[in-house]
Amino acid sequence: MEDPTLYLLLAVLTGIAAIPFGTLFLKKRKDIFEPVYWASAFFLLLFVVRAIFDLTLGSAFLSPPFDHQTVQAVTRAVLYLIPSLICFFIGYYSNFGRYVARMLPSLPVTWNSERVSLLLPLLICVGLISQFFLIQHLGGWSDFLDDKQRALTEPGQGYWAAGVSLIPLAFGVALTRCLVNSTGWILTCAVLFPLVLVLGLISGSKAAFLGPFLALLVSVHYLRRRVNLGVIVLFALLAILVFPLFNLYRQVGTIDRMVEAVAELPNNVFGGELPMEELGLMLVRGGMSRFLGIDSLTYIIRDTPEVMDFQYGRTILGTLFAWVPRQVWTDKPVGFAQLFGETYLGHIFYGTGTAAAPTLLGEAYLNGHIGGMVVVAVLCGVFVRSSYAYLIEQQFGQPAVFLYSCLFIHLFTFWERSIDGIVVATLILLCESSMLILLMGGRRPQNINRL
Numbered sequence: 002m003e004d005p006t007l008y009l010l011l012a013v014l015t016g017i018a019a020i021p022f023g024t025l026f027l028k029k030r031k032d033i034f035e036p037v038y039w040a041s042a043f044f045l046l047l048f049v050v051r052a053i054f055d056l057t058l059g060s061a062f063l064s065p066p067f068d069h070q071t072v073q074a075v076t077r078a079v080l081y082l083i084p085s086l087i088c089f090f091i092g093y094y095s096n097f098g099r100y101v102a103r104m105l106p107s108l109p110v111t112w113n114s115e116r117v118s119l120l121l122p123l124l125i126c127v128g129l130i131s132q133f134f135l136i137q138h139l140g141g142w143s144d145f146l147d148d149k150q151r152a153l154t155e156p157g158q159g160y161w162a163a164g165v166s167l168i169p170l171a172f173g174v175a176l177t178r179c180l181v182n183s184t185g186w187i188l189t190c191a192v193l194f195p196l197v198l199v200l201g202l203i204s205g206s207k208a209a210f211l212g213p214f215l216a217l218l219v220s221v222h223y224l225r226r227r228v229n230l231g232v233i234v235l236f237a238l239l240a241i242l243v244f245p246l247f248n249l250y251r252q253v254g255t256i257d258r259m260v261e262a263v264a265e266l267p268n269n270v271f272g273g274e275l276p277m278e279e280l281g282l283m284l285v286r287g288g289m290s291r292f293l294g295i296d297s298l299t300y301i302i303r304d305t306p307e308v309m310d311f312q313y314g315r316t317i318l319g320t321l322f323a324w325v326p327r328q329v330w331t332d333k334p335v336g337f338a339q340l341f342g343e344t345y346l347g348h349i350f351y352g353t354g355t356a357a358a359p360t361l362l363g364e365a366y367l368n369g370h371i372g373g374m375v376v377v378a379v380l381c382g383v384f385v386r387s388s389y390a391y392l393i394e395q396q397f398g399q400p401a402v403f404l405y406s407c408l409f410i411h412l413f414t415f416w417e418r419s420i421d422g423i424v425v426a427t428l429i430l431l432c433e434s435s436m437l438i439l440l441m442g443g444r445r446p447q448n449i450n451r452l
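In the working numbering, the protein residues as written are 2 to 452.
The reader is advised that the hints may include incorrect statements.
Unchecked claim - Quick list of in silico lysine to aspartate or glutamate cross-link-like pairs, EDC-like style, CA-CA up to 20 Å:
1) 333 <-> 421
2) 207 <-> 155
3) 28 <-> 394
4) 207 <-> 148
5) 31 <-> 394
6) 207 <-> 147
7) 333 <-> 155
8) 333 <-> 343
9) 29 <-> 394
Simulated from the structure, these hints should not be mistaken for lab results.
All figures in this text were calculated on a predicted structure; none of them were measured in a lab.
Hey, can you work out the whole structure from these sequences and the hints?
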């Protein structure tokens, strides 16, 4: 990597991604949970920090020394990311997002406390029943807890997982209610919050475990008091610690082995068997192993059309197929994330059933080259902006903050998802949360306290 072109392009990309943070200091009313800051930071993590990680330490996907073809692919990937990110900002900062928000129907500003008290136990029961059937579908408790790699990749669990997601949504409703009305604190803090954390832990999903913490921060920020940057840093540290634990859980396969490995860690560190430098390197590798980012985009640019021809929109058909239960359509095509793992990254994922993160822009490139990347980037910018404008700037009631707190993680992690994955997940969330708002929404009060 003696050619300085790649490093220059990375510097330019970093400067563009930092634009929202520069404008933050010029604003009189700063909102740390405006999604553009999180989307920019996540973009930097996936495509700049990860690139530096690959260039220095190396990974299982990209590791120096690189051959000439890979060097060219990495350079082209960073080059294509520059106009894509610019177009995302154009979509976000244009007035089109606000225009879309004004076209959407208004939401109730409060919850109907009686309906909430009546329906929350029902949601919890439906979620727990769905969790039970999901565990049975995956082979029972033993297989669910001790064969986590298979449990996370087994097909046919989408609708059961949607039922389980009613419990985090119930937590979001209860949380936004008690933050304003001081009602239901025991149910929220002593029942629902521990329950969603336990379900997130046994699911093996980092997002399912960290999601309730993020929803808590967003809800408190808008309905009670502003959350400062120090709290965000603590959340980031929690994520850094959680990532290696969940990775270890997937590798060893059982909770008992994971607990044993964690219990032996202090002895290995203080006993001299594991130096602090190696522990730090292990944490860095454990954290960065989750974010393929530039790796996936590089593989797609380098190996298209040899591994897979340009698709011209065919991968997006997965958004239609996903709604058909696999129990009805046994030969239903797999999602693009799994197809990507078995083709472009077949030397690592073939036969495992694991879905690898292709990145939204990587799949957009596969469907329409650089044109596909910039079009998808603009659409994402408009969607992210319209979500923030509609729920926070325009609505700003308890149901709106509830929906925003649930949707928030999708508003910045979309960069690493497949198109069908992010569309289906977002639509399921919007359908379920809209149903809850319709059933439990209250009347609009005279005065609304805005941030």
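Now the hints, each set against the structure:
Straight-line distance between C-alpha atoms of residue 333 and residue 421 comes to about 14 Å, which keeps the hinted pair within the 20 Å bound. Note on residue 207 and residue 155: the hinted pairing holds, with a Cα-Cα distance of about 17 Å set against a maximum of 20 Å. Under the criterion of a C-alpha separation no larger than 20 Å, the hint pairing residue 28 with residue 394 is consistent with the structure, at around 15 Å. Among the hinted pairs, residue 207 with residue 148 is consistent with the structure: their alpha-carbon atoms are about 16 Å apart, no more than 20 Å.
Annotation: proposed proximity of residue 31 to residue 394 holds, straight-line Cα distance about 13 Å (limit 20 Å). A threshold of 20 Å between alpha carbons decides the hint, and for residue 207 with residue 147 the separation of about 17 Å falls inside it, so the pair holds. Between residue 333 and residue 155 the alpha-carbon distance is near 13 Å, which keeps this suggested pair within the 20 Å criterion. As the CA atoms of residue 333 and residue 343 are separated by approximately 16 Å, the hinted pair is consistent with the 20 Å bound.
For the suggested pair residue 29 and residue 394, the alpha carbons sit about 15 Å apart, so the restraint of at most 20 Å is met.
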